[in-house]
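Asks: Here is how the chains run, residue by residue.
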Amino acid sequence: MLLSRKDNLSPAYDEHLQRYLFGRECLVEELPFSEEIIKRHVRKRFITLHPGIEPATDGLMALLSGTKRWVCRRCGNTDPREFGYCSCSRCGKTCVYCRHCLNMGVVRACSRLATWSGPAPERTSLPWRDSSRICEWTGTLSDVQEKVADDLDQYQSEGKSFLIWAVCGSGKTEIMFRALEHALRLGERAVLATPRTDVVRELFPRFKAAFPKVPISALYAGSEDKDPEAPFVIATTHQLIRFYRYFDRVFIDEVDAFPYHYDPMLEYAVLKSAKEKAPIAYLTATPPPVLKSAFLSGKLPGAKIARRFHGYPLPVPKDCWAGNWRKLVGQGRLPESFNQWVRAKMESGKQIFVFVPSVTLLREVTELLQKRGLARVAGVHAEDPDRHTKVMFFREGQIRILVTTTILERGVTISGVEAAVLGADDPIFDERALVQIAGRVGRSASQPAGDVIYFHNGRTLEMIRARRHIEQMNSEGGF
Amino acid sequence: MNGDRCLFCRKLREEPLHFRTLLSPETPPGLCRSCAGKLAPIDPRRSCERCGRDLGRLDGRLVHGNICRDCERWAGSGRNGLFGKNRSLYSYNEMMKEIITAFKFRSDAVMAQAFRKEFRTAYRRLIRDDPSLWIRIRKGGRLFRNDPSHVIIPIPLSEERLQQRGFNQAVLLTENLGRPITEALIRRSGEEKQSKKNRRQRLKIPRNNPFTLDPQTASSIAGKKVILVDDIYTTGATLRLAAAAIEPAAPLSIDSLTLVHG
Ligand SMILES: [Zn+2]
Ligand SMILES: [Zn+2]
Ligand SMILES: [Zn+2]
Ligand SMILES: [Zn+2]
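Read top to bottom, the protein sequences are chains A and B.
My numbering numbers the first residue of the first sequence as 191 and each following residue consecutively.
My numbering numbers the first residue of the second sequence as 15 and each following residue consecutively.
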């Protein structure tokens, strides 16, 4: 009797440890608690330990071919090239480790990842729940947006996932507000996940303005807007990986994600960070094949928004043969058809994006265009340290031609800009990439049309699919 | 682990196809040409006879003959002991700093394999430089292949540091040689960091050596030529301390091989 009363007075677990680990997954050595405390919690099953790397159980091919495949539990990596081996002095064996998530601290086969399996911590007060309006956004939704926003909230509240398939430039962020407000009112935790840091940075102030009473955390490498108690988190894929069964609702924003749109780690991170059965809302202009077929067959509820907010159709891309562009550029020349198009655009005072398949080509093409001296040209890629300056000059119109390998920040909607893909037959440009690139053109109501040209050396299936995709969206939009 | 991608930047290496790569099913792991091009390899014909430093990077006034001033100091210090010479593959530079960071501090152990070929070449050159070997060849003795007269000893980490990192970088580098490794030394933990001392302090050998010899290995060292292996030669103090710990086992000579001179 006495003993049990004492137990009730002091909980069997450490509350700091509980708060630290709840909803998260950490390497044991990362936990700022003594080994003895951790061991005690493991013994009492408040902490569960999992091996960092396990043999992959899926994949019949791997079984048949006899090659060993591994899964990193932290990041979901299964690419055999992204694992390394070494004689490990911790376990005394040859130990495999994940090279994919090394920058978060190495995960080895003998490492242990800890998760909290005890009771959830008491939450401090959630004052926003009592205010009459949590969302203070004063804009209005179009009828179409209104309907989608309602459906999204309805399905999510029933615990069902939802796909929003919306053309580039249709105004998707505001559609999430209603469902998010509902979640916050219920005291739930929600996350908005995106593969791109710049999207997190762009969305954070918009959500902050719309939900001023709610603590919001923006998670990306180097972020200063972190709040471990925030009920709403906007995070990149990499940051999401630290959570474990934490969120009640998930929004995935994969609009304009190229070249990060094929990232199996995002899917893994989302599934890990969400509670089991948490509904997922997927916002995209180009749904990946699995979601697309689930939606079309009726298994996944969702909605299509085929019209841009300004009410004009999407520009339909045109194909233009450019000969062996790779060889020509190697010889220091640009394809003639491409040259002519660029000259015509410069003469009519336009600004253009030129998408190329690699950073090497980006440098070469930029230099060749600069030599021609038609206008000011700059090249920019995802890791370019001068990226923001160059984008600013382009936005101000001082740079007229921007050669790039990546979709730029969504804030970069330049009125009247047109786009070319030089080397559209390169395998990096799949249907999704080509559709997203076309979506950069005609975004303003004052200049809703413009050229999108795929310069190629042999039309690919992906190019044909991209055009069909856009035409289909336009016809559904009533054009 | 296949070698078609650069160990450091992970991009395709696009190695020019030549006969050997066509014949082997897997390319050995390594760096791409762009990353390798940013390293500063040391030309052995232009390096300090003793410490292997790239003399081309030194102020000419600091060099007398083929020996750098630091080495002259060591020679006059009376603390050089049996330590003979060191050879290093690269001078320390920005690129090497990044590689060492990935390797040691981010625990990307496979980085050691990026230098396999170069490490083997440097080892062969180091032991071939050995005049007594030429004497033996002239006398019709064994060639250097699997020469049993050499004992390879990696510089150890303290148990504490080893547990922290999960591997000893010197051992991984030594594994590149594909020869037997003798872990003859034990390192005490809690020694002062070399980088925290000033130059004069570093050139001195402290009274209590952090290294001790594993007595069980002493018999395998007696009368042999020892090659110590480490990742970096900074002032030479660490290697000389290790040499001092080995001396009681009566080796014939003690030389060393490191990845970096910095
Ligand atoms: Zn991983
Ligand atoms: Zn291990
Ligand atoms: Zn490289
Ligand atoms: Zn020297």
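Each hint should be verified, as a subset may be incorrect.
[To be verified] Simulated pairs of lysine-lysine, DSBU-like, Cα-Cα distance not exceeding 30 Å:
1) A/K467 / A/K416
2) A/K561 / B/K238
3) A/K229 / B/K118
4) B/K52 / A/K517
5) A/K517 / B/K118
6) B/K118 / B/K99
7) B/K99 / A/K258
Don't read these hints as lab results, they were simulated from the structure.
Asks: For each hint, tell me whether it holds in the structure or not.
Replies: Results for each hint:
1. A/K467 / A/K416: holds, 26 Å
2. A/K561 / B/K238: The hint is violated at about 65 Å.
3. A/K229 / B/K118: holds, 29 Å
4. B/K52 / A/K517: holds, 27 Å
5. A/K517 / B/K118: violated, 42 Å
6. B/K118 / B/K99: holds, 25 Å
7. B/K99 / A/K258: The hint is violated at about 44 Å.
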